[in-house]
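Enquirer: Chains A and B supply the protein sequences, listed in that same order.
Note that this note's numbering numbers the first sequence so that position 58 is 58, with each residue one more than the last.
Note that this note's numbering numbers the second sequence so that position 106 is 106, with each residue one more than the last.
These are computed hints drawn from the structure, not numbers from a lab.
Not one of these hints is a red herring.
Chain copies aren't distinguished; within one or between two, either way the pair holds.
Here are the simulated lysine to any residue pairs, SDA-like style, with alpha carbons at most 20 Å apart: (1) 62 <-> 81; (2) 40 <-> 76; (3) 40 <-> 54; (4) 143 <-> 37; (5) 143 <-> 65; (6) 40 <-> 117; (7) 40 <-> 8; (8) 40 <-> 149; (9) 40 <-> 86; (10) 40 <-> 141; (11) 143 <-> 38.
In this text the structure is predicted, and so the values were computed from the model without any measurement.
Number of protein chains: 2
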Amino acid sequence: MHTEWEFERKFIVTYVPDGLLDTRQPSIYTPGYLASEQDKHIRIRDEGGAFTMTVKQGLGLKRRDTRVDLTAEQFDDLWPLTQNMRVEKQRYRIDFYGVQLVFDVFTGNLSPLKLVEVEFDSEISSRQFLPPDFADVEVTHRKEFQNVALARFGLPDRIITPPLTQTHRLTV
Amino acid sequence: MHTEWEFERKFIVTYVPDGLLDTRQPSIYTPGYLASEQDKHIRIRDEGGAFTMTVKQGLGLKRRDTRVDLTAEQFDDLWPLTQNMRVEKQRYRIDFYGVQLVFDVFTGNLSPLKLVEVEFDSEISSRQFLPPDFADVEVTHRKEFQNVALARFGLPDRIITPPLTQTHRLTV
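Just chain A, same shape as in the assembly:
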């Protein structure tokens, strides 16, 4: 098992700098959701042959994930239940000034959405983080950009809107 509080910020990618993704190899992620309620949802995922189920709690900056490994058989039994609750994306991991950017290029009906997520081990470091200029529209607290919401409701009507939470960078 793996349980931890995590601090995560999320940004919309407004442009892709030349050469940023070309030299990197993405992983294909296809998370599927079994159920979601309020700020809790249950995700299963095939991570290149390693199968996991994660109970995700919390919304916005501070979250708690509990992950258990699944057997291939358990995964295969549960996967059909995620129908209409799936996301397809290519995930790039990019080192950036001591943190790792998780750069997701959504495919299928969520194209052309691109998001960058960054995880931190403390709230203070999360608030001190200054994102790269290609990903400076923050959607950390916007429910419609949660993976589970994207899986269920598809692309939000307006991908780019004025950042709601930009003040976080200034207040700490």
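Given chain A, put chain B in place with the hints provided.
Expert: Using the frame of chain A, we list chain B on its own:
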């Protein structure tokens, strides 16, 4: 795995006939819920050392369950997440004119609630079923008597009310 559509009716027990339970040995059931949304919820359960996770879909008469076995370790990892979403009950199984009554005596904060559930393999047989007189108040379609609702919200204010769905017995 085990997936099936089931037809289930549920009744409140209004009195316990002398001798009905005394001669029987109950099993202790403590289901816990990981998440619930609309008519879908995810239950884990220790069935005397056999651990299962069930995705339950549907409300009322017709439901669909998908059950996978869990290891003890998976169960132990997930169980803490069901906090405040648990039910404790003693379950008796009673043969009754070709069907099996599942007679649940709730304990803890749900005492003194007693419910009888009956599963059928077809809708027609479910509708033709005439319950015993000690369990003739039907709550099949009453959300507040779902196990997950009992786990989350506790005992409904009024356990005994006029049956809402009794006409089912008459219309087929």
